[in-house]
Amino acid sequence: MQKIEAVIQPSKLDAVKDALLEIGIEGMTILEARGHGRQKGHTEFYRGREYTVDLLPKVKIEMVVGDELVEKAVQAILSSARSGKIGDGKIFISKIDDAIRIRNDERGPSAL
Amino acid sequence: MRFRLLRYFLALVLCISAVSAFAQSTPVAAPSTADRLAKLEAQTAQAQSSADNAWMLVSSALVLMMTGPGLALFYGGLVRKKNVLSVMMQSFAMMAIITVMWGIVNYSLAFGPGTSFIGSFHNLFLHGVGLNPDPDYAATIPAQTFMIYQLMFAIITPALITGAFAERMKFSGMAAFLILWSIVVYSPMAHMVWGKGGLLNASLGGRFPCLDFAGGTVVHVTSGVSALVTAIYLGKRIGYPKEPTPPHSVVLSFIGACLLWVGWFGFNAGSALNAGSLATSAFVNTHFAAAAAALSWAAAEWIRNGKPSALGAISGAVAGLVAITPAAGFVTPMSSLIIGFIAGVFCYFMVIKVKAIFGYDDSLDAFGVHGAGGTLGAILTGIFATNAIYPIFKDKNGNPLPSGVVDGNWHQVLNQFIGIALAWVISIVGTLVLLKIVDMTIGLRVSREHEIEGLDITQHGEEGYDHA
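Taken in order, these protein sequences are the chains called A and B. Numbering-wise (numbering that gives the first Met the number 0), the first sequence opens with residue 0 and increments by one. Numbering-wise (numbering that gives the first Met the number 0), the second sequence opens with residue 0 and increments by one.
The hints are simulated quantities; they were obtained by calculation from the structure and are not laboratory data. Be careful, since some hints might not be right.
Claimed, not checked - Derived SDA-like pairs (lysine to any residue); straight-line CA-CA distance at most 20 Å: (1) Lys235/B / Tyr45/A; (2) Lys81/B / Val52/A; (3) Lys80/B / Ile29/A; (4) Lys80/B / Arg33/A; (5) Lys80/B / Leu54/A; (6) Lys241/B / Gly47/A; (7) Lys241/B / Gly40/A; (8) Lys80/B / Lys16/A; (9) Lys306/B / Val52/A; (10) Lys241/B / Lys393/B; (11) Lys235/B / Arg33/A; (12) Lys16/A / Ile29/A; (13) Lys241/B / Val52/A; (14) Lys352/B / Tyr45/A.
Bound conformation, chain B alone (with noise of 0.2 Å):
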């Protein structure tokens, strides 16, 4: 029986070999080399622009989660339980608000050809950004998906200063604040830094080339400098720090930090703006450092108050992957672990001790963890980043040059720092014209009843937890 079998399918395999022979025995105009050749290149050009784009596209998704409900989580468990949904609100407001001004004019502001400082109108209306590549920033997947991209960045860094202000902020005020500070504020940094003829940038000939993979600069320091702003403009919430502000839900919070962490693969591995080894490399200093300052922090903790505690695990993992940022596409893991490490400690410090010492209410350490981590990790990329990993220098020939200090280039440590100065002095100029000016017209704090009350009644009418 099984020999029959066999039998038919050797006859089966005759046949076809047969067919195909006399197939290709008939005359057909053979294309030459260079069309075949043609052929195979445009062949493997889309293959690897699909390949880009797949994971270009994942990582805008896991970015727009950092938001929500990563963010919204984190920063929701952290407030008392009447203030929960006004602070998931202003991280979801965000994911809307910032969208829709995107794609009129804040995408143009930040990656339109313009000056050193600014873009300019010329992408008004995404006019322009269409599903063909643009050579200058990514050359693989289409303008569109670049510009998506960068709009989850855009969308989280105002969501990060609403820690600052959390508890006593009227949303209006805050909305009207939020959507002119993306213009002030982050456009303009997002173009020196990341920007055609950016001032700042390091890829495409900046006057001082700054590393910043993933947004350090860009959206730690901006947002979390203008956090501090925030906070000390509008003052302690009523009875801080005297009466008790404990988290309502360090659950929440956990779920939200570890969202923050998946999510920050596709912030930092994307930033390579390919799927290729750049990506992974990105990818593993990323997870590094959040283990590493998770432990840090957690550690300092233990020592203090003789306990580890969830809350500052997590809190620990989040400074850890603010401090990468910067990093993450120039640094070997072991520089990774070493980043975060002092991240951990660092921010535990600035959280613990130097809040308490100047006593400004930065309600949820949007300062003490994006400001001061992002500064450090900034600092960190000019000693660290190694072109072994990323030759982002290169001579006329193509050579690759020094990176970071580890490389000998020392002149990188002080790029670093012009790139952190510009980011401090545009965010608090910024922030404080702002502020000032939304506080003369629409009014930026709630009543003190309204804040007694809470946000979540007299802001939006509603409660977090109505259970009936």
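Isolated chain A (complex conformation) (with noise of 0.2 Å):
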């Protein structure tokens, strides 16, 4: 088991989960995020004064599947959240442990 974590474009988020639901995967969490890389923030002018805003709106995808499943799911967030401009986000993928289903206590793989 891994867990998959893609931060993207809050725009490519339709198209991220619809890609990542045609390769078979069937659960995600979704949270509205908000950070920077190395793309920096924009400017903003409000009466006058003028406010980086370094922090932008982004939408972090939190999965966590089995082994088999990893490559074709970054493949699918690859090929459907790039724009090809810089903002366009990271994924970093992780072990997991175990997993636990909370109705029932089963474990594991089967868990997910």
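Fit the two chains together into the complex; they arrive one by one in their own frames, and the hints show the way.
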């Protein structure tokens, strides 16, 4: 089992979600997030005062998938979330020790 | 079938005419022509009074709507999230507090018979302010309609000041200061410009007739200048101008500004104090100036920053509404466009440049828009006022005399400056003295910790956005 965390542009959420469902990902958690990478922020003006907004709105997708699905999921995200411009986001992958379904104590990959 | 119905109908008509002819032939004591004329006159007066009263009651409600929710939303959106309720509450508190004060003493001080500078205690507790008209102020509406209409102005004026000290003033100190302010600054100024025998009154024989149709000096100069004094006296917000203090919701401000625009029709067109053509003139001028100023502020911003912002457009509209306020019933629609265009650019310059140069923290630009726009509007009124719209000055035979510079009356600009100067002086001196008094007794500014935590929690014990 591995956890995939992808930070993407909010406008790409629907495309990414559809691509993941298509390859058989059954569950995911989506968080509205704010942040920046190398992209940094942008400038806003309110009554002549200049504000640098360095934290931009992002969407973070979290999902835990079986090892066999990881590469397919990564490819699905890459192809659907990429615009080629700065600020497209990042994907992080980490190992997961266990998963437990709260409803019935089920453990391991079958709990996903 | 159709013909039979027609026959029935004709028969019915014949019967009715016969009956009415019979009724007419019955001898009744015919009222004399004089009686009928008197009755007709009374009915005409009653009809006019009802029409005027309907418009004035609607106008009163519109002006109240400018404070809440109009100004409360406009200001509320411009502060940070942690202070939204505190500024809304400051406006709302004026709706409650000033109303009580007005009934007890302030109306009497502003509009009661008195000296050139202030009214008297003659109408204390609204004594003598009944349902019959006061012909000196408005001959066709009940005195209480005039009283409640003027109250709405007395409410919004101190509420405007709250924009200058937003995000750092104690609620208790704010309430005490503005109660005193409404007695010491607003009431005398309203009396001088609009009260019987007031020094600046243009229609009731003032010594220096200053043209102020709906409150350019009384409302906007006094509130704007007092706002500047308060902002300087209180000092800057913690972190200003280094830390960002962006508006937490331009959407709220946008709704507020649009409500202000609509409410301003009551403010300016209602100031005709009747539903006649003068109200139309003020209505049209109000609308034209707001539109022109929205355009000119947004254009100035577009040139400077490369983008026209929503906040800029609505700020411009408010600046135009402020500037047309003293002129609304005196100028032509094309003059209003000019006044609006100038006001939008001028107030933009005051807010963007002048504030930065001097470094005062007028948080929501109460001075930059109301003080500056009101002063500008009062001067321009002296230039663009024409007796073709409202012949306010008349000679002994009732012939209209020139109003402003466009009519050839250059002297009026001097009178406007006298009115403006008096408004500035009374606002600066009155505000400074009152701030000092409240500062030494109740205190004005919240503690550093409270300011950082936010006024909603520390002053009111609640949050604007507690989405549980």
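So, going through the hints one by one against the coordinates:
{"no.": "1", "hint": "Lys235/B / Tyr45/A", "result": "holds (18 Å)"}
{"no.": "2", "hint": "Lys81/B / Val52/A", "result": "holds (19 Å)"}
{"no.": "3", "hint": "Lys80/B / Ile29/A", "result": "violated (25 Å)"}
{"no.": "4", "hint": "Lys80/B / Arg33/A", "result": "holds (17 Å)"}
{"no.": "5", "hint": "Lys80/B / Leu54/A", "result": "holds (17 Å)"}
{"no.": "6", "hint": "Lys241/B / Gly47/A", "result": "holds (14 Å)"}
{"no.": "7", "hint": "Lys241/B / Gly40/A", "result": "holds (18 Å)"}
{"no.": "8", "hint": "Lys80/B / Lys16/A", "result": "violated (33 Å)"}
{"no.": "9", "hint": "Lys306/B / Val52/A", "result": "holds (17 Å)"}
{"no.": "10", "hint": "Lys241/B / Lys393/B", "result": "violated (56 Å)"}
{"no.": "11", "hint": "Lys235/B / Arg33/A", "result": "violated (30 Å)"}
{"no.": "12", "hint": "Lys16/A / Ile29/A", "result": "holds (10 Å)"}
{"no.": "13", "hint": "Lys241/B / Val52/A", "result": "holds (14 Å)"}
{"no.": "14", "hint": "Lys352/B / Tyr45/A", "result": "holds (13 Å)"}
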